[in-house]
Every structure is written in C-alpha cells, then in structure tokens.
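Sequences listed follow chains A and B, in order. Going by the working numbering, the first sequence opens with residue 1, and the numbers climb by one from there. Going by the working numbering, the second sequence opens with residue 1001, and the numbers climb by one from there.
Treat the hints with care, as some may be off.
Unchecked claim - Covered stretches of chain B, as calculated for chain A (at least 3 residues, CB under 8 Å): (1) 1032-1044; (2) 1110-1124; (3) 1177-1186; (4) 1228-1242; (5) 1353-1360.
As the list claims (entries may be wrong) - Derived Cβ-Cβ restraints for the label pairs, each shown as a range: (6) B:His1294 / A:Ser92: 48 to 56 Å; (7) B:Ala1422 / A:Ala97: 16 to 24 Å; (8) A:Ser78 / B:Arg1100: 30 to 38 Å; (9) B:Arg1228 / A:Ser92: 45 to 53 Å; (10) B:Leu1424 / A:Arg456: 52 to 60 Å; (11) B:Ala1086 / A:Arg390: 38 to 46 Å; (12) B:Ala1422 / A:Arg455: 53 to 61 Å; (13) A:Pro425 / B:Glu1037: 30 to 38 Å; (14) A:Leu348 / B:His1294: 34 to 42 Å; (15) A:Arg456 / B:Asp1337: 35 to 43 Å; (16) B:Asp1337 / A:Ala346: 27 to 35 Å; (17) A:Thr105 / B:Arg1228: 26 to 34 Å.
These are computed hints drawn from the structure, not numbers from a lab. Each residue gets a CB set at the ideal place from its N, CA and C atoms; glycine is no exception.
2 protein chains.
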Amino acid sequence: MPPEAAIRPAPSAPNLACDPALFTDLYELTMMQAYVEAGMAETATFSLFVRRLPKRRNYLLACGLDDVLSYLESLRFSEDSLEYLASLGQFSARFLAWLRDFRFTGDVYAVPEGTPVFANEPIVEITAPIAEAQLAETFVANQIHLQTMLASKAARVVAAARGRPVVDFGARRMHGTDAALKAARAFHIAGVAATSNVLAGRIYGLPVTGTMAHSFIQSHESEAEAFRAFVGIYPETVLLVDTYDTLRGVRRVCALARELGDGFRVRAVRLDSGDLAALSREARAILDEAGLGHVGIFASSSLDEDAIDALLRAEAPITGFGVGTKMGVSEDAPSLDIVYKLCTYAGLGRVKLSTGKPVLPGRKQVFRSEDGGRAAGDVIARADESLKGRPLLQLVMRGGQRTDAGRDTLDDARARAADELAKLPGALRGLAPTDPPYPVEVSARLRADQEDVIRRVRG
Amino acid sequence: MPPEAAIRPAPSAPNLACDPALFTDLYELTMMQAYVEAGMAETATFSLFVRRLPKRRNYLLACGLDDVLSYLESLRFSEDSLEYLASLGQFSARFLAWLRDFRFTGDVYAVPEGTPVFANEPIVEITAPIAEAQLAETFVANQIHLQTMLASKAARVVAAARGRPVVDFGARRMHGTDAALKAARAFHIAGVAATSNVLAGRIYGLPVTGTMAHSFIQSHESEAEAFRAFVGIYPETVLLVDTYDTLRGVRRVCALARELGDGFRVRAVRLDSGDLAALSREARAILDEAGLGHVGIFASSSLDEDAIDALLRAEAPITGFGVGTKMGVSEDAPSLDIVYKLCTYAGLGRVKLSTGKPVLPGRKQVFRSEDGGRAAGDVIARADESLKGRPLLQLVMRGGQRTDAGRDTLDDARARAADELAKLPGALRGLAPTDPPYPVEVSARLRADQEDVIRRVRG
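Extracted from the complex, chain A is given alone in its bound form (with noise of 0.2 Å):
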C-alpha cells in the first residue's frame, strides 16, 4: 500500500551486525533526506518514555542506555548500506553523499540505568540536528524497550525469591539471540544471581551457570550411572532427579552420597516438573533423613514471580530457583508502549493532539522527592526549573561523545537498582498492583507551556 516500496535481492552471507545504521524504519531516511533537502537542520529534541504501565507493573527500572550510547558513538553508514539505499531508487545522490558523512552529533540526557521510573517520565532525551534525532528512533526504542521490560520483570522474580538465588535459564525462548544477551545483562541489573548463557558471559562478564539436562541422564544405561558420570567430572554440580521418577531420583542422590562417602560435594538436587511444593518437601525429608541437611534444592519449571511466591508462601524448602520462559519474554507484558516523541524543534516546543496519545513539550527533568529514606513521589518538569528532590536525567552524551556520566559499568547499575528499588515504597516492590500509584506529577510550569503548545498548534 505505502508505495516506497523495493525490492533487492538478498546477498548470499547476510552478516547481520554489519550496518546497525540500516536497523531503522524506511521512513526515518525519508523524513532525513526531506529534512536535508529542504535545508531544516535546526535542533530538535525527542523524549523516549513509555505512556502507561502495564497493569502488573508498579514501576519500571530503566535499562538498555549503554548500548543505546555504543550505537550513538558508532553510527557509520558503510558504502554497502548507500549502495542498497540508492539500489531503492527514492534517495538523492545528494543525500546519499550527505549520509556518508553522517555522525551523531548531538546531546543525550538520561536516567541512569537500574533507575526506577513511571508512566510519561522521559527515560531518554535526544537532542541534536533534527535528521540525527530523527534516524535514532528505531533502535533507541527497540534497546531501551527490549532492555527496561526484562529488568522490570526480572525485578519482580527477584523480590519474589526473597534472597534465594535466581539463575537464567530463557535463551531458548526468548525472541532471537539478541533478546537472549541483553536480557541476561538486564537481569543481572536486576539483581538475577548467573544466567545459563555462555555467550552473555563472554560479552559482558556474568556468572555463568547450569546443572544437567534429561537428555544426559537418558542417554546413560541408567540414573544412577548418570549421576556418577556427571559428579565424578564436577562433583559440586546440581543434580536433575526427574527424569523418570522425582522421589526416587532423590534417593539415588543418597545412595550415591553414601557410596562417595567425604568425596560426595554435590551442592542440591533439582525439580524440573509436577508439584513442586509438594515433591520439594519429600525431597527435603528424603535428604535431611540421609544426612545430607547441606544439599538445596534447585526448583525450575514454567517459573515466575507467582509461581515463585506462591510456592515460598507455602514454605517449600526451595533454595535456589531456575527461571526461562516466562521471565525470559515478559510473558504478563510482552511489550511496553514506549515512544520517541519529537517535543522541541528550532526553538519551539511541539506536540501532536492525536486521542489518547499526549507529548510534554521541550527538554524535560524528573525531580524524586524522598521523605526518610522513600521515594515519595516524582514531578515532570522543564529542564530549566529547579524543584525539590533528585534529578533523574543526566547528560551522559555531549556532541556526540559520552560523559562521564554516560560511562557506568555494569555493576553501577545493578548496584543503583539494588539501592534505589529498596528506596521504593514497600508496596510498590511486592507484586500486587497498588492503589493508588506512585505519585506522578507535571509542573505547572510544564503544564502552562503545555497548553501554550496547544493553542499554538491548533492556530
């Protein structure tokens, strides 16, 4: 229907990190060759942050700003991403040469990663010539999306697990390879202990864990002799008893205990199916009644924050906790209404009055109040005014270069997530929804250019 439609054919070795600069929609390069063509190069800001909350979230914990910088610092267009954007047969010569010559120039503000935030507040402003702006929508929103809604989740697991060990173990169902390592690095923000990923731990130095799957224990003559295979190569592994029947498994953990006799280090036993609750406190009595009151018990299977508190609720003797699938997609909240919204071009603030879908205009602040140690609620306000409580944005992009700012590790942010969800009101940590929210205000002064915008716009 849109009619800029082309077709090229595909080149035979598609190395797909290649040109993260193509990793855009088509109508971020239509609007940039108009914008240059007619010579608009003024400043513009855009504020990336998600409308509303879903319904099981009480907060959202900011992530994904480091690779969103990475891409901003590198943002190159290769002599084969011009020569397929001239192949479409809608960009100018012109454009093109302009395009070779690209670098992101401009100004970031953010909210530091493993910062908690809420609806409308900006997680991202970009501030730069309009088309460098402009180009970034697409992986800006896709990163900070992708990134915010794992950590956000996995917070959640967390706080279920009260303490006891959460590891990874989604790579293979979460949405591709690239959801797979960011989401082990946004997990480790929020507070996972390892994940299962060996590629997540090359990339970003995590903790990298497992135990031993079915097809080990079936593909020996039996459990038993598995079990011996396995511990006598890693003796302090973590057993998987439910191959073939759960009990039993167990009780071939304390034959094997007692056939090792001090040379038996095995750390626990893991549960992968049927009652968990039940089966963890037979496997408890089992293993306490053989002496064996050291080895835990590792629970995994369809896991989540309410399967996990349910289960910690009624006193399953669980100590360490496998979880994929569902913390690995979001699966209560599989996407997050997450928007790039232009709010400043040359000076003047913008909007769009589409139902439903309101912009604060111009470079925005979040001012977090405390009162004894708690956040007590937040104001959205003009990056000029000087309100009470924390800035949350910092300038961690200047002219196209990080600040300092803008260099945190890895652990700065698991450690700030850490600090600041224990900052957060109690209720808003648990896993009800609470009512009321947390409090979200707008300036005045916000608001009154708000409707400044408005008026002007309606004309």
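Mind docking chain B on chain A? Use the hints.
Then chain B, alone, in the frame of chain A:
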C-alpha cells in the same frame, strides 16, 4: 546455587555476532565434556517439537530452518571462545582441543518452512554423535521458536485482513534486533506484504516501505506545509493525517489535491489513532466528495488480527494495515512450549517420564492425509513406516552439508505457506479456536515403541 559459576571481565568492544558457538547454555558444554571424557560418541537423535499449542492458535507455521542450517554448517569454536571457556576453570585441555576441531557432521530431517504443524509433531530432528547434537539445542530452539511463533501470529493477521496488504511496522518494540530482523523474514513467509525495517530489506531482499511520522508534521509550521514538503519529494506517498485532528487532516489532503491538480499522486491517507472504523468512514466520505475515490485509507495503531477482523466486519473502508507491536511480539502468545528432546541414543529409543512432559522415542515421520484437497488429519509415526498421506519431514542436511531440500529460498517458503494454508480446513484458518482441534494421531507402532521404552527405563 548451581556450582559451575565463573566470572570473567567483559571484553571492551563486544562483537555480538562473533561467536554463535557460545550461544548455548553452559550445561550443553559441561554435558559434552562428560560425553567426550567417557567416550560416549554414539549417534543420538534429538527431536524439536511444541508440546501444546497456545489457546488461540489452531496451527503453527514452521519457520526458522534456514538459520538453523546456516548455524550448523558454520559451527566453529574460535580461539577467543576457547580461551574464554578455559578461563571458566571447568574444561580440560583435552576437551578444549576436541572443541577446536569441532564440526557438525550430522543429518537433519525437518518440516520445510511455511508448513503448518501441530502439537507434538517434530519440526526438526537432528541425528549426530551425541555431543554435536547436544550443543545445538539452545540456538536451534531459540530460532525455530521465535520464527515459528511469529509466522504463526502473522498468518492470523494476514487472514484477518482478507487480501488487504499488511505491513510490518514492529521493529521498535520487538525483542531486540535479531527478533526484528527474523520477524520481517517470518512475516514474509506468512504473507505479510512489506516491512519498514530497512536492514531486514537489505539482508533478506524484502520489500521495504513506510509512510511518515508525527514528528515530520510537528516539525513544520503547519500540517499543510508538511504535506506539501513531503509530497514534493515523494509524490506517491501516504500522508499521516491524525497529528492534530484527523478529519481536518483529511480535508488538508483534499486541499492539496486541488492545489496540485494532475500533479497530485498521493496513494493513501494514514489513520493512527482514535476510532478507526468511524474515522475511516468519515475520511472515505470526505475523500470521495473531493473526487479522490482512488486515494486509499491505511490504518495503524495497536492493531492485531482481532482488531482488523472487527474493523472489516464493521465494513470500515480501510485498504491496508500497518501492524506493529502486537504481531511483533506475538502479544497473546509470546512463547511456545517448544522442547528439544533426546529420543534415540546408541540405537535405543529414549524417553523421559517427567510428569506432563512425554516424549515419543526414535526418529519419526509425520504423514498428512488429504481429503478432496483439504488436509484431513496427521499421523506421527516411526521414520521407517510408510503410511497413507504425504510425509512432511525431509532430509535437509546430510553429514553436515545441506541437501537440495535444504536450499529452499524465502520465496519457496512463502509460496508453500500460501499453498498449505489454503489446504487447511477453513475453520482452522479462522481466528476462533476450533473444537475439536485438527486430528493428530500417533501410529500404533510408534505407540508400541513408546510403551516398550517406558517399560525398559522403568526397569
């Protein structure tokens, strides 16, 4: 909790595409080492299948095989990867040397991309020395899961649109860059007309398309000026009319048509908010009255198959749909219960008995019967059976090399999907769950094998 945890600092400039061999769960590698150390090199078959369909899916559209075959063909451990694995302190020099020479040498049977499949039907079966087949689990499941889930969702959206073009607008909210690229590919197979994702267009040779964003309108002095500027460069474009007031926007398009006379070649207006049924009717009337009966109405804004179906049942005069998030994350079913299970090792069928998680032993085939050109039922059988109907699984890789059947093009897959979907009973192609579901049986011989193996492992 599990013991094999190790941390190593992240490299400074991660290249995410560097090492697909490390895109695996740690336990695959620890199990491989155990197989290798024990000399367990016999042949295994692993079967990839979906245990049950999501409530709102009458079938799944198999997708993702091409990426699986590329991965298996090129699977190598780089020196960098081996060094990282060595740093984890749990792999022997002998095993790392074995990994250095690793190649996938196995056979793969698979259902071709674009084929509808049902619960428990193998989508891919990998037969190889057990360590080789074990390693592949994480990546193979990740890609088939993602692409099958997305193609299955898109097929519903395309069906709901009843021949009107559906365009993929989802890149900004899909789960990461890999998901957004693979989605565009999967959507193409499922019959989506085009994507806005430029990199996907580049890599897969897909039609790329787009309209304009609110920011373009907002950045101009007036909507009329923005329309004039965009049409000056892209005469056959689609104009977004809801930035300030949808029907005034439509009237401005009519005014532009009067102004440009024969030079007016705009193809459609785009509605992106509000009551799309009512607005499309009013827009149609305004356009028709202005003699613009040939100008289409393109709609977007939180669309999915249900919304599109409701609009078309209400006879909304919409000529094309832009669909983003809800299709892009498969919002109503953001994961499938996909598993990769050992079913043969060293010539013996293998199963597990875990509660609610049965496995069919041995290499298998699926026979699809037709009745008057309509798919009438499937039988899951032993690979060596010859039953009535068409066998769905084909040999796509032999000894680590693709066969001709493994060289399907994307257009082959798209044509197959159109063809095979047309053969499904009509009710299955509808949006409502069918009751009873499509009939899938297990052959008597396979059922007998399963019982034999269960008896054997129960001991």
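Hint check results:
1. Check on the stretch 1032-1044 of chain B: 7 of its residues sit with their Cβ under 8 Å from a Cβ of chain A, so the three-residue criterion for coverage holds.
2. Residues of the stretch 1110-1124 of chain B lying with their CB closer than 8 Å to a CB of chain A number 0, which falls below the three-residue condition for coverage.
3. Under the rule that three or more residues need a Cβ within less than 8 Å of chain A, the assignment of the stretch 1177-1186 of chain B holds, with 6 such residues.
4. Counting residues of the stretch 1228-1242 of chain B whose C-beta lies closer than 8 Å to any C-beta of chain A gives 8; at least three are required, and the coverage claim holds.
5. Beta-carbon proximity to chain A at under 8 Å applies to 5 residues in the stretch 1353-1360 of chain B; the threshold of 3 is reached and the given coverage holds.
6. Taking 48 to 56 Å as the suggested C-beta distance range, the pair His1294 (chain B) and Ser92 (chain A) does not conform, at roughly 28 Å.
7. Here the CB-CB span from Ala1422 (chain B) to Ala97 (chain A) is close to 48 Å, at odds with the stated 16 to 24 Å.
8. Under the hint 30 to 38 Å, the C-beta atoms of Ser78 (chain A) and Arg1100 (chain B), about 32 Å apart, fit the expected range.
9. Judged by the Cβ atoms, the range 45 to 53 Å given for Arg1228 (chain B) and Ser92 (chain A) is violated: they are separated by roughly 18 Å.
10. Between Leu1424 (chain B) and Arg456 (chain A) the C-beta distance comes to about 55 Å, which sits within the given range of 52 to 60 Å.
11. Between Ala1086 (chain B) and Arg390 (chain A) the beta carbons are some 45 Å apart, a value that agrees with the proposed interval 38 to 46 Å.
12. A beta carbon spacing of about 55 Å between Ala1422 (chain B) and Arg455 (chain A) agrees with the range 53 to 61 Å that was offered as a hint.
13. Between Pro425 (chain A) and Glu1037 (chain B) the Cβ separation comes to about 53 Å, which falls outside the hinted range of 30 to 38 Å.
14. Between Leu348 (chain A) and His1294 (chain B) the beta carbons are some 36 Å apart, a value that agrees with the proposed interval 34 to 42 Å.
15. Evaluation of the 35 to 43 Å hint for Arg456 (chain A) and Asp1337 (chain B) yields a failure: the beta carbon distance comes to about 54 Å.
16. Distance hint for Asp1337 (chain B) and Ala346 (chain A): a CB-CB separation of about 53 Å, inconsistent with the stated range 27 to 35 Å.
17. Between Thr105 (chain A) and Arg1228 (chain B) the beta carbons are some 29 Å apart, a value that agrees with the proposed interval 26 to 34 Å.
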